[in-house]
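Top line first, the protein sequences correspond to chains A and B.
With the first letter of the first sequence counted as 1, position 162 gets the number 162 in our numbering; the numbers rise by one all the way through.
With the first letter of the second sequence counted as 1, position 190 gets the number 190 in our numbering; the numbers rise by one all the way through.
What the hints contain is simulated information worked out from the structure, not anything from laboratory work.
No false leads were slipped in.
A pair counts as met if it fits within one copy or between any two copies, since identical chains are not told apart.
For lysine-lysine, the following DSSO-like pairs were computed, each having C-alpha atoms within a straight-line distance of at most 30 angstroms:
no. : residue 1 : residue 2
1   : Lys59     : Lys37
2   : Lys159    : Lys59
3   : Lys131    : Lys56
4   : Lys67     : Lys35
5   : Lys6      : Lys37
6   : Lys56     : Lys138
Only a predicted model underlies this, so the values are computations on that prediction, with no experimental measurement involved.
There are 2 protein chains.
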Amino acid sequence: MNFSSKLVEEAVNEFSKLPGVGKRTALRFVLHLLKQKNTDVEHFGKSIITLRQDLKYCKSCHNISDKDSCEICANSHRDNSIICVVEDIRDVMAIEHTQQYRGVYHVLGGIISPMDGIGPNDLNVESLVKKVSNGNVKEIIMALSTTMEGDTTNFYLYKRLKEYNIIVSTIARGIAIGDELEFADEITLARSITNRILYENSLLNK
Amino acid sequence: MNFSSKLVEEAVNEFSKLPGVGKRTALRFVLHLLKQKNTDVEHFGKSIITLRQDLKYCKSCHNISDKDSCEICANSHRDNSIICVVEDIRDVMAIEHTQQYRGVYHVLGGIISPMDGIGPNDLNVESLVKKVSNGNVKEIIMALSTTMEGDTTNFYLYKRLKEYNIIVSTIARGIAIGDELEFADEITLARSITNRILYENSLLNK
Numbered sequence: 001m002n003f004s005s006k007l008v009e010e011a012v013n014e015f016s017k018l019p020g021v022g023k024r025t026a027l028r029f030v031l032h033l034l035k036q037k038n039t040d041v042e043h044f045g046k047s048i049i050t051l052r053q054d055l056k057y058c059k060s061c062h063n064i065s066d067k068d069s070c071e072i073c074a075n076s077h078r079d080n081s082i083i084c085v086v087e088d089i090r091d092v093m094a095i096e097h098t099q100q101y102r103g104v105y106h107v108l109g110g111i112i113s114p115m116d117g118i119g120p121n122d123l124n125v126e127s128l129v130k131k132v133s134n135g136n137v138k139e140i141i142m143a144l145s146t147t148m149e150g151d152t153t154n155f156y157l158y159k160r161l162k163e164y165n166i167i168v169s170t171i172a173r174g175i176a177i178g179d180e181l182e183f184a185d186e187i188t189l190a191r192s193i194t195n196r197i198l199y200e201n202s203l204l205n206k
Numbered sequence: 001m002n003f004s005s006k007l008v009e010e011a012v013n014e015f016s017k018l019p020g021v022g023k024r025t026a027l028r029f030v031l032h033l034l035k036q037k038n039t040d041v042e043h044f045g046k047s048i049i050t051l052r053q054d055l056k057y058c059k060s061c062h063n064i065s066d067k068d069s070c071e072i073c074a075n076s077h078r079d080n081s082i083i084c085v086v087e088d089i090r091d092v093m094a095i096e097h098t099q100q101y102r103g104v105y106h107v108l109g110g111i112i113s114p115m116d117g118i119g120p121n122d123l124n125v126e127s128l129v130k131k132v133s134n135g136n137v138k139e140i141i142m143a144l145s146t147t148m149e150g151d152t153t154n155f156y157l158y159k160r161l162k163e164y165n166i167i168v169s170t171i172a173r174g175i176a177i178g179d180e181l182e183f184a185d186e187i188t189l190a191r192s193i194t195n196r197i198l199y200e201n202s203l204l205n206k
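This is chain A alone, in the form it adopts within the complex:
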């Protein structure tokens, strides 16, 4: 594409580096910005720069935070003997949104994926093992995605953690609330039968 302006070309190139954004979408973004107020666009640009420069990660759970310790870890009402292991901060947000979990988190920053060249050393694994080895941890809840990579990561973490005297659990997989049995895939249905729970326990979560 010939943009007849170096400035536009550069901005389009930058936007098209974002995931799922091609040159056409990037150009649409640029044309949209050109119609906005100068101050608004400046604010947009600055918010991106300060985001990357000033954002901190919680020293304990690796969640994003404006301080050294995130709101969840700093909250004395949360039970820090239960740690939920997640892939990234979107999972933290999703679980927090349910308002059902009172423990703390550990953000791995990804999952083991040899295809993408991501091994255990690229993830926040050692700090998790260290936290567990320090004692005070009763349970680790694995909440990774049910893909090959997620299962590999689960298995790796389980092997690393089994020498310590803790419970390692995983979030329940099964038919989603509101879904009909006949449309569920076989594996999910099979898992939900194998891992069935007592009826009175299921009512506790209502």
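Following the hints, complete the assembly by docking chain B onto the known chain A.
Same frame as chain A, now just chain B:
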């Protein structure tokens, strides 16, 4: 959504103002940027700010440009007695890409759309009329979209321009090259029959 960081929240809000970007996509962009190098993200932010601050518009055709006059208007090989009227710079880029047009452009900056509160005064209409009234213009080619708004704008411009001794033409509408007749919509097929051209003329464009 609770982002556990004001910086992330602000960046997500800014990204979600872009067309077609919701909070989830915006968060995906933000998480992507957080994984990039500090200098790269700074470059991205700065390119947005300088884009809006330093970009100029061609004083003649309103195309984007790094100088006062765009490359097309400044090119002495282009025929400035033929003006192609388009909605925005994406159309200029599309037509330039064909390498078939040797005239100049006039970018309206939108089309008349009462539903969106856009009237003729919000568009670059007066500068077009002025250019025509100065003489030297032989033909105006309308290349607006074939929507209700495009037709309205075509008609408005035609009324404004008909008092001058110029040709007002419109780009041909018809079955696209490679398309099959049986799948064409009725209106397009009807127009392509009504506005048929001599066979030997059609070969000129090959």
